[in-house]
Amino acid sequence: MNFLSIPYISLGLCFLLLGAIWAFKSANPRFAAHCSATASLASYVFSAFEVAKAEHARLFDPWLSFFEADALDAVPMAFFAALNLIVITLAPKRDASGKALAGMLLLTAATQTTYAAANFAVLATGWWLTSLPFVLRMFGEDRSQKLAQGFLIASSIALTAAIAVLHHIEINEISHASSIAFGFIIIAVVLRKGLFPLHGWMINSFEYGPLLPLALLFNGHLGALLIARSETAALSQAERHVLEFLSIAALVTALITSLRGFAEKKPRRMLGLLCLSQASFILAGIATASAEGITGALVHWLVVAAASTGLIAIVRVLEVRVSGSADPTAHLGLATKAPRLATFFLVCGLALIGLPGTLGYCAEDLIFHGALENHTWIGIALPIATAFNAINLLRIFNILFLGVLPKHVIDIPDALPRERWPLAIIVVFLIAGGIFPSKVLHWRETAAHEIESGLGLDTQEHSGH
Amino acid sequence: MSLENLSLLLLATPGITFVVLSLIWLLGGHVPEHAMSRLTKGVYAFLTIIVGIIFWKMWQSDLQSVHASVGAHWFKVAHYEFPLTILLDRLSLPIVGITVILAGVVGSFSVRYLHRDPGFFRFFLLLHLFTFGALLVFMADSLDLLLGGWEIVGITSVLLIGFFQYRPDPVKNALRVFATYRVADLFMLVGVFLAHHWFKTASWHGMFSGEWPGHVNNLNGAAATIVAVMLVFAASGKSAQGPFCGWLARAMEGPTPSSAIFYGAISVHAGAYLLLRIEPLLHSSVIATGLVIFIGSTTAFLGTLVHRTCADAKTSLAYAAQTQLGLIFVEIGLGWTTFAIIHLISHSVLRTLQFLRSPSMLRDYNRVHSAAGGQIDPTGEHYESLLPKKIQLWLYRTALGRGFYDPIVDRFIVTPVVALARFLSVFELRGGKS
Chain Y
-4 MNFLSIPYIS
6 LGLCFLLLGA
16 IWAFKSANPR
26 FAAHCSATAS
36 LASYVFSAFE
46 VAKAEHARLF
56 DPWLSFFEAD
66 ALDAVPMAFF
76 AALNLIVITL
86 APKRDASGKA
96 LAGMLLLTAA
106 TQTTYAAANF
116 AVLATGWWLT
126 SLPFVLRMFG
136 EDRSQKLAQG
146 FLIASSIALT
156 AAIAVLHHIE
166 INEISHASSI
176 AFGFIIIAVV
186 LRKGLFPLHG
196 WMINSFEYGP
206 LLPLALLFNG
216 HLGALLIARS
226 ETAALSQAER
236 HVLEFLSIAA
246 LVTALITSLR
256 GFAEKKPRRM
266 LGLLCLSQAS
276 FILAGIATAS
286 AEGITGALVH
296 WLVVAAASTG
306 LIAIVRVLEV
316 RVSGSADPTA
326 HLGLATKAPR
336 LATFFLVCGL
346 ALIGLPGTLG
356 YCAEDLIFHG
366 ALENHTWIGI
376 ALPIATAFNA
386 INLLRIFNIL
396 FLGVLPKHVI
406 DIPDALPRER
416 WPLAIIVVFL
426 IAGGIFPSKV
436 LHWRETAAHE
446 IESGLGLDTQ
456 EHSGH
Chain Z
296 MSLENLSLLL
306 LATPGITFVV
316 LSLIWLLGGH
326 VPEHAMSRLT
336 KGVYAFLTII
346 VGIIFWKMWQ
356 SDLQSVHASV
366 GAHWFKVAHY
376 EFPLTILLDR
386 LSLPIVGITV
396 ILAGVVGSFS
406 VRYLHRDPGF
416 FRFFLLLHLF
426 TFGALLVFMA
436 DSLDLLLGGW
446 EIVGITSVLL
456 IGFFQYRPDP
466 VKNALRVFAT
476 YRVADLFMLV
486 GVFLAHHWFK
496 TASWHGMFSG
506 EWPGHVNNLN
516 GAAATIVAVM
526 LVFAASGKSA
536 QGPFCGWLAR
546 AMEGPTPSSA
556 IFYGAISVHA
566 GAYLLLRIEP
576 LLHSSVIATG
586 LVIFIGSTTA
596 FLGTLVHRTC
606 ADAKTSLAYA
616 AQTQLGLIFV
626 EIGLGWTTFA
636 IIHLISHSVL
646 RTLQFLRSPS
656 MLRDYNRVHS
666 AAGGQIDPTG
676 EHYESLLPKK
686 IQLWLYRTAL
696 GRGFYDPIVD
706 RFIVTPVVAL
716 ARFLSVFELR
726 GGKS
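Chains as they are written, first to last, in this note's numbering: chain Y, -4 to 460; chain Z, 296 to 729.
So that you can see chain Y by itself, here it is in the shape it has in the complex (with noise of 0.2 Å):
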């Protein structure tokens, strides 16, 4: 058993509690967020340097054993404190109130309790604690997000009964259990990334609920991990057949979600439809069981948790910045007062519908390629989706950026440096990643072929030269 050289995972849990206790009791909340979001941060990119330098070797955490780094979970670990820190950087004075801020940090808390967990009880308990802020309200309170709450129990109860009836076949062994466990497992991926048809509380969520902890919610990608988890343990024929049944509803849901967006107006149904059928892309990826395939879903994982960010902080602080841009009931033309808000908004959702150039376009060439290896027709449905999602994303902008600035919009800031800035790196990093796409592809590499050994394509490779 290896160990971290310092109790990383430990600490930024840690990190993340005081914080939230800090920014709870603080004067100034925002300031204590970010010393403990940064300190977090810092942590979690320790940890995936060290296991880089390990050869992605499986790294446990020397005060509690029960946490571990590995080649699938600690790049996502550190990226995640990144979009934690760039969330509570965005955050409009309304939204940072020390209440919320320190929901955001108990929430970043259970998700990174979920990726670190070295067994499936521990993934349990953190899965179960990221519904924690939303039950004890600390983003306030709207019906939405009491069904959100209900998918989100509903989910966690799912997994609880797979880790339930993993337990009973360690002790009776019966071989068909372990297929009864997956199908579980399947059943909390589908309520928890809202696959259809169980979508509605994701895209009802964007609508009414809050958007920032929602951000951080949505761009865990726990159900990703915990397929990708699964698949790195062997897996028998009869659950490969309900993976399949996985990259149905994943390709179902992004192609109906992308639809679904042309008879919606409102920019929040609209986000929210966007990001569901592009994260949908993430599961379809994983499930295509080809090593371009996955590779390409363990990027767009990154790709997508970056540029939804930045589409949905866009979409509040303009909110914020304007009274009735929830709902507009013409183009808002915000271009006008606004112009680099715009630009962050249209390079960060042009990542995510794969534009060239950015690092969405590698991740999606990947997993279309690694779609058409396998599954000819969701090779050749994703790019279908991509289209109508690009229809969809221009559609937003169009309403909130161009057109007539109306009457009331009389004058209202661009991005402020302390939006400009994160937003400038979220940027920077999709761009870049696009530009020499290497770099990021070779973060995922190695979780990559762990997947393909579990499934068994190395072999099947080798035996097939």
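No wet-lab data here; the hints were simulated from the structure.
Just so it is clear, the structure is predicted and the values come from calculations on it, not from any experiment.
Yeah, the Cβ is synthetic: ideal placement off N, Cα and C, and Gly gets one too.
Don't take each hint at face value.
Unchecked claim - Stretch by stretch, here's where chain Z covers chain Y in the computed footprint (C-beta under 8 Å, at least three residues):
1. 26 to 37
2. 284 to 297
3. 345 to 356
As the list claims (entries may be wrong) - The list that follows gives simulated cross-link-like pairs (lysine to any residue, SDA-like), each with its CA atoms no further than 20 Å apart:
4. Z/Lys467 x Y/Thr331
5. Y/Lys260 x Z/Pro683
6. Z/Lys467 x Z/His664
7. Z/Lys371 x Y/Ser433
8. Z/Lys467 x Z/Val709
9. Z/Lys685 x Z/Gly698
10. Z/Lys495 x Y/Asn369
11. Y/Lys261 x Y/Asp137
12. Z/Lys371 x Y/Lys260
13. Y/Lys332 x Y/Asp406
14. Y/Lys260 x Z/Val709
15. Y/Lys20 x Y/Ala91
16. Y/Lys141 x Y/Gly195
17. Y/Lys141 x Y/Pro192
18. Y/Lys260 x Z/Leu470
19. Y/Lys260 x Z/Lys495
20. Z/Lys336 x Z/Tyr461
21. Z/Lys495 x Y/Trp372
22. Y/Lys141 x Z/Phe722
23. Y/Lys261 x Z/Leu316
24. Y/Lys260 x Z/Pro463
25. Z/Lys467 x Y/Pro323
Chain Y is fixed; fit chain Z onto it per the hints.
Then chain Z, alone, in the frame of chain Y:
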């Protein structure tokens, strides 16, 4: 400097200019008009000199083509790799040359045309990005890389159609053009993936043997026909032909210089370039060849009809351009390669001039009118006057309705798709703030 490095420098210069200018602006910097003007003129003069040197060196050493690579590949996963190789040969070099020259002319023209326009900086930023995308299309050594440039050209085109963002029509038309582009690009995307899937290659040297124009097709069978048909539809989308013929008139909402460079000079000819590049693949399939000729001839016929009934100069020019592009498609289908290239280049140059002069067309007309002593003879009888009156009337109505393209698309595509999208809301729970 070697030819390979010169080729890479040619491609990279507009891309680097775009990225540097964007970052300066995004981080709060400001580039004044005169600096932007000098930079643009300098960049295009530099690019023209590079093209001249490449042409001279290739001619001197009797080289058929230059291949240049940036590293072994852009990225590689398992057996799939994305090579970053560019190609300059007897097909791409003239088109690259005409691209940098015409983009330079349009850039120079725009300095005065857009003087003090609030979108001055934005226009030039997009012009540099467009030049990069167009050079990528013409210099790509594979369909994968061509697709990258293809999409960059598409998005810059759409952003320039919506340039006058405070007017509702440009915004609406930009969205419609983007939707058409995306649907057409789907054919390209699927074509490229199918080429990889069935033939394990999408590079020109994998698909064809030998140097252009004497290259030979390596792909055969029904799969090759499917790939060829996909690429024909993709080319039709970019060149506003066949089922995608409706967007060109809508694209005229953009500023005149962008109409000149996109819809007169370069962008619309990218489709024809693609067909020229894959010519042996097209001619290996009767279906693909027939499709190119059919699409080209029907669009040329419709374009020439509509062109005669357009009341405004730019729309009239758009349909005239569509007609000529249709004829270029037919020439490619018939295998008249050299003729098609001459037609393509001369059409680009003429149409750029016409578009750039279109804002002063009335003044030009008055000047010619005065020079002719106040009497200009009408243009005379047209061939359609030989047709029976009833058919003439029917054609006139069709031309006035622009082939009824928009109502057909609205009724049979847009309305059912939106209705289906609305129906799918039955799977969504509705709940709001309490």
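How the hints compare with the structure:
1. Check result for the region 26 to 37 of chain Y against chain Z: violated, 0 residues qualifying (beta carbon to beta carbon below 8 Å, three or more required).
2. Coverage of the region 284 to 297 of chain Y by chain Z holds. Counting CB-CB distances below 8 Å, 5 residues qualify, and the rule asks for three or more.
3. Requiring three or more residues with a Cβ within less than 8 Å of a Cβ of chain Z, the coverage given for the region 345 to 356 of chain Y holds, as 5 such residues are present.
4. For a cut-off of 20 Å, the pair hint linking Z/Lys467 to Y/Thr331 stands: about 17 Å separates their Cα positions.
5. The hinted pair formed by Y/Lys260 and Z/Pro683 fails the criterion: a straight-line CA distance of about 50 Å is larger than 20 Å.
6. For the hint linking Z/Lys467 to Z/His664, the alpha-carbon distance of about 38 Å lies beyond 20 Å, and the restraint is violated.
7. Among the hinted pairs, Z/Lys371 with Y/Ser433 is consistent with the structure: their alpha-carbon atoms are about 7 Å apart, no more than 20 Å.
8. For the proposed pair Z/Lys467 and Z/Val709, the alpha carbon gap of about 14 Å is at most 20 Å, so the pair holds.
9. Taking the CA atoms of Z/Lys685 and Z/Gly698, the gap is about 17 Å. The hint holds against a cut of 20 Å.
10. Distance restraint check for Z/Lys495 and Y/Asn369: the Cα-Cα separation of roughly 15 Å lies within the 20 Å cut-off, and the hinted pair is therefore satisfied.
11. As the CA atoms of Y/Lys261 and Y/Asp137 are separated by approximately 18 Å, the hinted pair is consistent with the 20 Å bound.
12. Annotation: proposed proximity of Z/Lys371 to Y/Lys260 is violated, straight-line Cα distance about 40 Å (limit 20 Å).
13. Of the supplied pair hints, the one linking Y/Lys332 and Y/Asp406 holds, its CA atoms being roughly 7 Å apart against a limit of 20 Å.
14. Restraint check for Y/Lys260 and Z/Val709: satisfied, since their Cα atoms lie roughly 16 Å apart, inside the 20 Å limit.
15. With a C-alpha separation of about 13 Å, the suggested pair Y/Lys20 and Y/Ala91 falls inside the 20 Å cut-off, and the hint holds.
16. With a C-alpha separation of about 13 Å, the suggested pair Y/Lys141 and Y/Gly195 falls inside the 20 Å cut-off, and the hint holds.
17. Between Y/Lys141 and Y/Pro192 the alpha-carbon distance is near 19 Å, which keeps this suggested pair within the 20 Å criterion.
18. Note on Y/Lys260 and Z/Leu470: the hinted pairing holds, with a Cα-Cα distance of about 14 Å set against a maximum of 20 Å.
19. With a C-alpha separation of about 42 Å, the suggested pair Y/Lys260 and Z/Lys495 falls outside the 20 Å cut-off, and the hint is violated.
20. A threshold of 20 Å between alpha carbons decides the hint, and for Z/Lys336 with Z/Tyr461 the separation of about 29 Å lies outside it, so the pair is violated.
21. A C-alpha spacing of about 18 Å is found between Z/Lys495 and Y/Trp372, which places the hinted pair at or below 20 Å, so the restraint holds.
22. Proximity of Y/Lys141 to Z/Phe722 is assessed by CA-CA distance (about 18 Å); at most 20 Å being required, the pair is judged to hold.
23. As the CA atoms of Y/Lys261 and Z/Leu316 are separated by approximately 33 Å, the hinted pair breaks the 20 Å bound.
24. Proximity of Y/Lys260 to Z/Pro463 is assessed by CA-CA distance (about 16 Å); at most 20 Å being required, the pair is judged to hold.
25. With a C-alpha separation of about 16 Å, the suggested pair Z/Lys467 and Y/Pro323 falls inside the 20 Å cut-off, and the hint holds.
The structure does not agree with the numbered hints 1, 5, 6, 12, 19, 20 and 23 stated previously, though it agrees with the rest.
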